[in-house]
Amino acid sequence: MEYISDKDYNYIMNKHHDQSKPFNSLSRFVRNDELFDENTGLDPNFILENIMINDEKYKEFSHGIRKAKALEYVLSNTRISCDSRDVFPAINLIDRPLNKTIVRSWHREVFLDIIPEVENERLRLINDGIAQIYIDYDHSVPNFERLFNLGFVGLLEESEKIRNSKERNSEEDAFFESIKISYEAVLLFIKRLYNLASETEGSQKMAKALKTLLNGAPKTFYEAMLLVYLYFMISEYVDSLQVRSLSNFDKFFYKFYLNDLKNGITEDEIRKDLAKFFLQFTAIDNYWNQPVFLGGEYEGGKTIINELSYLFLDVYDKMNIYNPKIQIKLCYSTPKEFTLKALDMIRRGHSSIVFVCEPTIKEALMKRGYTEEQARDCNVKGCFEFSVQESFGCGGTSLNLLKPLEYTLHKGHDAVNNAFSGIESPDLSKYKTFEDFYNEYKRQLKGVIDLSINLVNKYEAYLSYINPQSLLAGTFKTSLDLVKDPMQGGSTGNGSGLSFGAIADLVDSLSMIKKYVYDKKELSLTELVNMLDNNFVGNENWLLKLKNDRDKFGNNKDLPDNFAIDIIEYLDKVVRPNLNEKSRGGRWGYSFHVARAVYALANNTATSPNGRLIGEELSKNFSASMGQNREGATAAILSTTKMDAVKVCGDVPLDLGLLPSAIKGEDGLEAMYGLLITFLKRKGHAIHFNVFDAETLRDAQKNPEKYQDLQIRVSGWNVLWNNINKVEQDGFIKQAESLI
Amino acid sequence: MKAKVFEIKKFAVHDGDGIRTTIFFKGCPLKCVWCHNPEGLSSKTQLAYYSHKCINCFECVKICPNNAHIINNGIHEYVAKNCINCGKCEEICLGNAIKIYGKDYTVDELLKIVLEDKVFYDNSGGGVTLSGGECLLYANFIKDLFIKLKNHGINTAVDTCGFIGKDQIDKIIDYTDVFLYDFKAYTSKTHKNCTGQSNDIIIKNLEYLDKKGKNIEIRIPYVPNYNDFEIEDMIKYLNGIKNITKIRILPYHNFSTAKYQSLNYENTMPSVVPTNEEIENIKNTLRKISIHKIVD
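Just so you know, the sequences run in chain order E and W.
Counting along the first sequence from 1, when you hit position 32 you're at 24 in the working numbering, and nothing is skipped either side.
Counting along the second sequence from 1, when you hit position 151 you're at 1243 in the working numbering, and nothing is skipped either side.
Chain W with its partners taken away, still in its complex shape (with noise of 0.2 Å):
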């Protein structure tokens, strides 16, 4: 069995408790208009092209055994219809322009990479965090690859938008620590129109979290114009879901305008980005009102 994993990113901080690895798992149900990590949305394999940092080396023309990297009037053009993902260009690119999102792994290989730094979720309280994409889209993986976490006795968290079935996330509930959460929206309306689906699914699932009396950390991106106007409602509706360890507000950056460029995404991003004023503003008022504990 493999998953489709297109970043592992070490010493991640806040993805959980102490120091942790983050594997980033390919495929999302979602697609929020806001999306930072828009090479996560695919299932499959995709090859981001960095123009802006091409040096024109030509090494992925001479080994591209497809013709998808070209020479056109002396620089290099990129011809992603004939791209088969095969990974030879990104090892030679002399300029790491080009980056394959989406490698296949099994439960072992990213065992022993997360094993590597186990001293130091020992020392930290810190662990092992699934995120994407949807990490849940591949829960046999995750169940199987979490026994063997906890038979080494590493603290397991799912980072999920919750919008899943309840039977994936029943198959690795007992093998999960800690969930972290997302909630984009209040409404129904305003969550389909961020993240093109209803949030009805991923409400019954949180509750569903509650009552298993799982720790839940919740993650509220803050979007102006987009679910800045509902975030007072969702703290008072947080207020009735009793397991929640914290709640974390991730003020809105678009930071990642770069990789939409790279995969030919069209950008989705809002240009409006909240200041650190606004930030520290509203979660002041939230903490008036939440009755779980606000982190930074």
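Pulled out of the complex, with its shape left as it was, chain E reads as follows (with noise of 0.2 Å):
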């Protein structure tokens, strides 16, 4: 591998755990305890079991003080390894232990003996496939440019002083003592990774570094590397908490760099720590990846794309990596250069970097009531979600809006497993038209949504009570001057969200009811019913027809975009004037953004009308759904534009899907830049581009309903890929082989 030598890259990629072993990412970490001398600390089961037993001692004092004593017992005993291989130490981090011990123990005791009848409905809405439901501790991210600015020192004796400012009650003392303890725990276990690093060969430079860590701030790239990097393995980890982005790398990581060149440290050595640093994310290889973003602007507009930004793709490029993924924060005054150059990685198949449009975000928080600054300098977190800094919560709740259709469709009955679980709805022949019909659709969607903010609201009061963030907390000046949890209020955002998928699949359907049911009247609703809970079976004619009909969303057409448009504007009516206040001082938002829930929805969701059969896939995100953008890529622009990102203040992310060989050469290029541009300029939010491969393909040749959209660019002109005969796939599929 490009700057990484095959025997660093080999040991680097074992680190984590040895990929010798079967490895399921989404387990998230499976340890390679081999690596460490047992010397350096105790057997990791050893602590694992010991956890619960070394908290007795600690009973009477609060949760955020025993939380932040299990941490010092992990940090103080985990067996920790260095490498000359690496310029990262190696931590036996016993996979996030404390989530296995007492933060679960306390889940359990919330859930199970607090408030039962909350997890009951809670598996209620998963199990028919209503919603997916989970605390979210996927969406934080720390105050970087605090925690490059003080390190661990600074911060500490920064919530010292805080502390010490005013005579503090019992529990506000506690909130800090939680806090002293995390952080001393934290500089206890760098000074033994320092002791380590000082008496292993090949570790000097890595000891140096963990030194300047053990007094203060970073002051070279490298320094600054490592913090993120302890940080991060310490908080998801160890502490129970992820880190949900590495930062706006090319801001905050610029003035290192620039002071690395004038102290004579090497560009190409400044290189090989990126590389080796990357790789650790690639050999942690979690199934969601790891974000970091670049961009954005400073005050007054001057960019934030530097000579950093580029180095940092340029080395990414080369690593031919996915993991980390990044997201660009796109801006007009990002430089046009630096634009085509990452579009030109994505057409070569780095999928992993997406855009989001900075002053969309900027105009949707500063909305919300947040100041230009706080707007700009948002965080893009997760895979393109947006937060100002110091924000904690994001949506774990992710709705089916197929689901209220069922309902309405079926009085109130979930059309797979025939429970009661919407409201009562009339029967079909009430619905005289197909407002009678939309109105009960809505009313339906507003029950599940009632259902599942009251849920929520419940057991979000509990978040600190079962996950307290001592870490973050020291992070978040909020939350030291509010001397509040940052998840219980002690953060500049505080929202809770609901994320709505099947968007697409919706709007289809109320269209195509509308269409043929309500004013061709082809078909009467009760014979629509029966055919969907058939899953049309004997009237394979009708199934092909809904699915070829071209009125759906992501084809700039007016009738199922009109539909996206209003339940936007009814999602904004019923769900933002919601307050989760009494939990967490915030406000409900939403969003289009469900993520792997749209599988797990999709199993238990009925045949829909829009031709989409039972336990198929559900359209992802603001995007038109499996095979239906057949109006190509503006059309597609054009209808996810429609919508008021600004007004969602939330993620309407669109995937389009580009084959190679239509955006091949500089022409193909610079139309990827203009279509780009163009979603900028119409205020879009996030946007991600599929560059088919041959394996898709292969599916495509497959499954070619799937595929109604797929078009070939053949030497000068396209074709639909469905309209070519299979010698002529073939060779095209060779074609895209060589590709790569």
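It is worth saying that the hints were derived from the structure and are not from the lab.
One or more hints might be untrue.
With the C-beta cut set under 8 Å, the calculated list includes, among others, these residues of chain E facing chain W [unchecked claim]: (1) N112; (2) E113; (3) S190; (4) G530; (5) N548; (6) D550; (7) G624; (8) I655; (9) E658; (10) N714.
Pairwise CB distance ranges, derived in the manner of DEER restraints [stated by the list, open to error]: (11) E:R690 - W:N1148: 35 to 43 Å; (12) W:K1154 - E:P108: 56 to 64 Å; (13) W:K1242 - E:S421: 54 to 62 Å; (14) E:E137 - W:N1335: 53 to 61 Å; (15) W:N1232 - E:V521: 51 to 59 Å; (16) W:N1148 - E:L515: 18 to 26 Å; (17) W:N1232 - E:K359: 46 to 54 Å; (18) W:N1243 - E:E365: 22 to 30 Å; (19) W:N1232 - E:D558: 41 to 49 Å; (20) W:E1370 - E:D722: 13 to 21 Å; (21) E:K673 - W:N1335: 26 to 34 Å; (22) E:S421 - W:N1232: 55 to 63 Å; (23) E:D722 - W:E1183: 30 to 38 Å.
Yeah, the Cβ is synthetic: ideal placement off N, Cα and C, and Gly gets one too.
The task is to assemble the complex, starting from two chains supplied on their own in separate frames and drawing on the hints.
Have a look at this one:
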């Protein structure tokens, strides 16, 4: 691999988990125990067993202090390793030990003993395919600016200074004490690492950097990366909270980069260290990929993109990796040259790069009352979510927009298990007009929304009881000033969110009902429901007719697109007024990105009127349903950007499929840029290009119905994939294989 | 005034600068042996039947007013001689096996369609390209369309084989920003062998456009055994044409077999397809002798 020798590469790739053993990235972490000298700490299984025993000593203290003590116990005793083949230490992290012990015990206490009715309802919603609801510990980002400026030492000192600035009651004092215990534990841990690195041949560079971090803030590019790495590993793998971005990298690391060059550190060394930093996340291999973002603007409109941004992409490109994943905050000031470089990488297969539009996000956040500075400095995290600095909460609640449709068509019953899960709805004969039907759908939708919000509000009151956040609190100035856990009102952004899945399936279904039942009157609602209940068996011609119909979202067609606009209007009315103030001091919002939940929800979703069969994949993000973007890339962008992403103030992401041959050459790259800039100017939120490869084409050959929109460029002209015969498709697949 | 169009392609990327909409007009005065758009040859409306996509739903049989679709031994059969090209079967076909090539559009109807993507032309330096068949067979229509496009500030291009009267070119020349000009052979003999016509008029028109100072993008199909042996002579000749902005080499592919079958045409497409390596080599060779930019 470029920048990293085979020897070093093999070490790092096996450092977090043994690559020769089966690894399921969903299970997060399978450690490589063999890597660690037993003299450096205790047996990991012993540590795991003793966390709860150790906790017995602190029963009279707050959960914050008890969790901090558990963190201290793990960091004091876990095995560590330094190696000349790497510049980042190895930590025997025991697969989220607090999650498996005290956090789990408090979680069970809350959901089984304190609010069991909430848990029962939560499980019912999941099992019935209505919603996927989980506590979202996955979308917070520490205040990196403060972390870089102060280091662990400075953050601890500041917390203590605020603690001692006035008299504290016992609850407040416990809050600060938990931060003190956590940060002292981190420093003690760094001391252990320093001692080991000092004694390890070939690890002197690491030792020197650890010493700097032991005493304060980082000074070099490498030290800043080491700080991020340590914070990430401790928070994510010990303290039970994901670090959902590695920061606005080119903004925060630029000063370190310049300083290094001034002090004689070569760019080559910086590149090599950066490559090893990237490779940590490649090796960890979390299924959700580790986000990091580039770009944005400074006050006054100057772009953040700098030499480091280019270097970052260049190293990433040459390593040919996909984890970490990269978001680019796109602005009008973003240099075209940089954007073209990123687009060129995307079309060569780097689908791990996505664009989020800062002007849209900025306007949206300012409309929600944040200052221009707060809006501009917002984090991009997760896939393409965004929030102001020092925020907690994103949305662990994914709702299925097709379920209320089932209730509307079945008198409030679920069409898969026949349970009465919705609100009582009338007999189909009562829907005399489409408006009657549509209004009833909205009533059912509101029922599901109210149910979910009510449920989540109840358990979110217990977030800091279950998993208090001392480490994160230390980086949040807001949390320190308010003396509140970041999850319980101690953040600048305290919103809770609903994410809605299957928007395109919904509006396509509404379009088909309006068109064929009410406008053309080609079939009755009862006949349609019978077809749906029988999965179109015996009515295959109707299935094809509904699938083939062009009035589908993502094609710049008024009928479905106007339904989507109207659904947003409705959600704005029924979701936005809800508060979570009792638990977290914020407001409810909504978005249209349900990530992996889209697959889980699909399993229990009945056949829908747009021709999607039971169990089949739901439409993703704010994109056309599978195979339905038949009017191409420009129509897809026009449809999605008809939505008011500023009003949504949440995710309105577009997945856009393109074929390598359609965007080849200089013309192709310029065309991609044209698509992207149009998306930006039309106030889109986020766009993800999918450049299809041979594997996709092979699937297209097997399942042509899913790929009715797929076009291929045949040397100077485009043809529809389905319009060429198998021999020709084989030829194209072969050609596509050579593109790699 | 109406024109017969067989395809409207949005997000056309390689038909001139930027993101474009390309409109394909019916009818062509040439008959290239390698033609990839056989549906553009005839100036009449045609029904194409893609038999490999037929699912035997028989919806077309039910709706056809003239017995062009029948059931024969339980399988659908298309009887071309009975077809009146009414298009009813295309609308109802559940397997997307039927395609009507050649629909009549007014200038305003086409204008409405292309304006939908104006924002993309504006943001990419793109516009509208007219192709075919041979679009200049509709020069009067194109003039009206281009005048309206110019009123909207939209860049215009025609993709022409050049085998057309100079008077037709004169009708549209002032409203056309770019000519995508096909150059298929150097000698008249080879040209006639490949396309059925001599290239005398084509060369005269090319020199005329050059004299008029028009932007010209040359497109050369590279077809082994048909025109490959003249390609260096073509490039040398083109060195004498001043206003060429770029030359695009189009490697021949035989991906249009299904179209020939669907139209019940004899498939004239050559069997030898150039390899990627061959194309790269030839482009590198040509770059050494061309004064113009040769692009992919």
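Hint by hint, here is what the structure shows:
no.	hint	result
1	N112	violated, 46 Å
2	E113	violated, 43 Å
3	S190	violated, 55 Å
4	G530	violated, 13 Å
5	N548	holds, 6 Å
6	D550	violated, 12 Å
7	G624	holds, 5 Å
8	I655	holds, 7 Å
9	E658	holds, 7 Å
10	N714	holds, 7 Å
11	E:R690 - W:N1148: 35 to 43 Å	violated, 26 Å
12	W:K1154 - E:P108: 56 to 64 Å	holds, 60 Å
13	W:K1242 - E:S421: 54 to 62 Å	holds, 57 Å
14	E:E137 - W:N1335: 53 to 61 Å	holds, 56 Å
15	W:N1232 - E:V521: 51 to 59 Å	holds, 54 Å
16	W:N1148 - E:L515: 18 to 26 Å	holds, 22 Å
17	W:N1232 - E:K359: 46 to 54 Å	holds, 52 Å
18	W:N1243 - E:E365: 22 to 30 Å	violated, 44 Å
19	W:N1232 - E:D558: 41 to 49 Å	holds, 44 Å
20	W:E1370 - E:D722: 13 to 21 Å	holds, 20 Å
21	E:K673 - W:N1335: 26 to 34 Å	holds, 33 Å
22	E:S421 - W:N1232: 55 to 63 Å	holds, 57 Å
23	E:D722 - W:E1183: 30 to 38 Å	holds, 31 Å
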